[in-house]
Amino acid sequence: MLTCNDLTVAYGDIVALHGVNITVKAGETVALIGANGAGKTTLLQTISGLNKVKSGDIVFESSSLATIPSERRVRLGIAHAPEGRRIFPGLTVEENLSLATAPWRRWSQSIADDLGRVFDLFPRLKERRRQLGWSLSGGEQQMLAIGRALMARPRILLLDEPSLGLAPRLAEEVYERVKLIGEAGMTILVVEQNTVLALAVANRGYVLETGRVVLEGAAKDLKQNSRVREAYLGR
Amino acid sequence: MADFIQLSINGLALGSVYALAAIGFVIVYSATGVVNFASGQFVMLGTFAGVAMLINGGLPWPVGYVGALAAMALFGALFFLVVYLPLRSSPVVTIIIGTVAVGIALQNAAQLTFGSWPFRLQSPFEGMTIEIAGAVITVHAVAVVVGTGILIGLLWLLLHRTTIGIGMRAVAQDVKAARLMGLRVNGLLAFSWVLAALLAGIAGLMLGPMWFADVNMGDPIALKAFAATIIGGFGSLPGAIAGGLFVGLTEVLGASYLSSAYKDLIAFGAMIAFLLVRPQGIFGERIQDRG
Ligand SMILES: Nc1ncnc2c1ncn2[C@@H]1O[C@H](COP(=O)(O)OP(=O)(O)OP(=O)(O)O)[C@@H](O)[C@H]1O
Ligand SMILES: [Mg+2]
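Chains A and B, in that order, are what the protein sequence lines are. So that you can map any letter, position 122 of the first sequence is 738 in this note's numbering, and since no number is skipped, the others follow by simple counting. So that you can map any letter, position 201 of the second sequence is 650 in this note's numbering, and since no number is skipped, the others follow by simple counting.
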């Protein structure tokens, strides 16, 4: 469904991704793990069209994204829950969710069903639907960020460190939901530093080190891999 | 007492004009981060769009007003395309200087087109007055205050109940996230400029019959609208309204009870006091709202 071919991305002189090859097949959950500054966020932002490609290509459902601006990529079905959630702080929970439907919604179309689905997944958002974004807790903001991405009716969901800054129990709760979303058939590419959580929900994984993919394989094999265990699982 | 009522209504009417100019200023500032130094000239342009339609064109006022506002909407779109869009990736200061340059150009263009002799733009309610508790009040002043109230209500509905309005607020808070949500950011930014130009146009049409239509009227309006936003709270819409009304009221009451030489003293004194003591203004910009 999504393939990055030999993708190189740079910020000025700093090369953040060196010829990265990654594939996500329909229905899979793929984890991309790596330490601080490995280039994980850069990769997701490039897929969403926020960063320029230096060389290489991104192919989504057999067509190249090279010339497609970010807002059209959302319309094609690429939704992104960005690093740090980036909830609109002065909009209510419901406004945050409704605005993410802009890619598919005609002006008279109801969003009640889509809202209902997100609220079933995250009941706490329903209780807080009239609250402003900034007043939510970190965990609630993360749920809103994921819910907002789902409102776009995506074909693939890009998640950037959903566990960031959350207490362990909350991070686990968020990952339970990610697992449910994946089991319902959604294709997911999740980027994480928290290797345990990410590999627990993923089918396959990639390990990124300073802009290069150094390992890839089935999630269960990566969990056993001595290099991963040493560097990312701390044992 | 009758005097006071009459002056207060006139002050509120003038304040409504400042408030509308200030709202346009704030909408552009919060959407794009640009401090529009041409915003006074936008209002001047609105007045002279009225002069062109009603005096030069001799159109009846409903048609003339619609024509003038259509011209202002077009002007807003042009300003976005010709000034903002080409400069958008340069530092914000460059764009701000661009607005200064355009403001000067507009003033000179108006001078060349209309000459420096002021016009008298008539109100649809020309000569009509009503009496409240012995005070004689022009219907125009009342219409301006009521019309502004309705406009503010409509603006609130636009920003809180429509997809475009919620999108505008989202873009103002976080452009990058707005892009990730698939919002058409350029379209929404263009709409912000159009809306600001429209509000300035309405302010200009309202102001025409209260002042003389003079090609140099833009600068004092810009100063008052600027003072209004500082007093109300930079970037805040309720602040623009409260600040605009305050500046208009003190100007009219000050001219009559103090001296016309000092009529602006209270407004600018208040602005300086706010800058010193409470730079976030009455409503203070809630940092959370901007992300
Ligand atoms: N806007 C930018 N300008 C310049 N360099 C950048 C920019 N964003 C990221 N970088 C650099 O690119 C590299 C990869 O950063 P990136 O944010 O993609 O890493 P990451 O894997 O997401 O890290 P983290 O786990 O801390 O989020 C880093 O060396 C970083 O300093
Ligand atoms: Mg990151």
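Hints were generated in silico from the structure; no laboratory data involved. Among these hints, one or two may not hold up.
Claimed, not checked - Partner residues are not named here, just some residues of chain B that face chain A (Cβ under 8 Å, in silico):
(1) Gln560
(2) Arg569
(3) Pro573
(4) Arg610
(5) Gly616
(6) Met630
(7) Gly631
(8) Leu632
(9) Leu637
(10) Asp663
(11) Lys712
(12) Arg727
For each residue, glycine too, the CB sits at the ideal point set by N, CA and C.
Checked against the structure, which of the hints given earlier come out wrong? Structure breaks hints 1, 2, 3, 4, 9, 10, 11 and 12.
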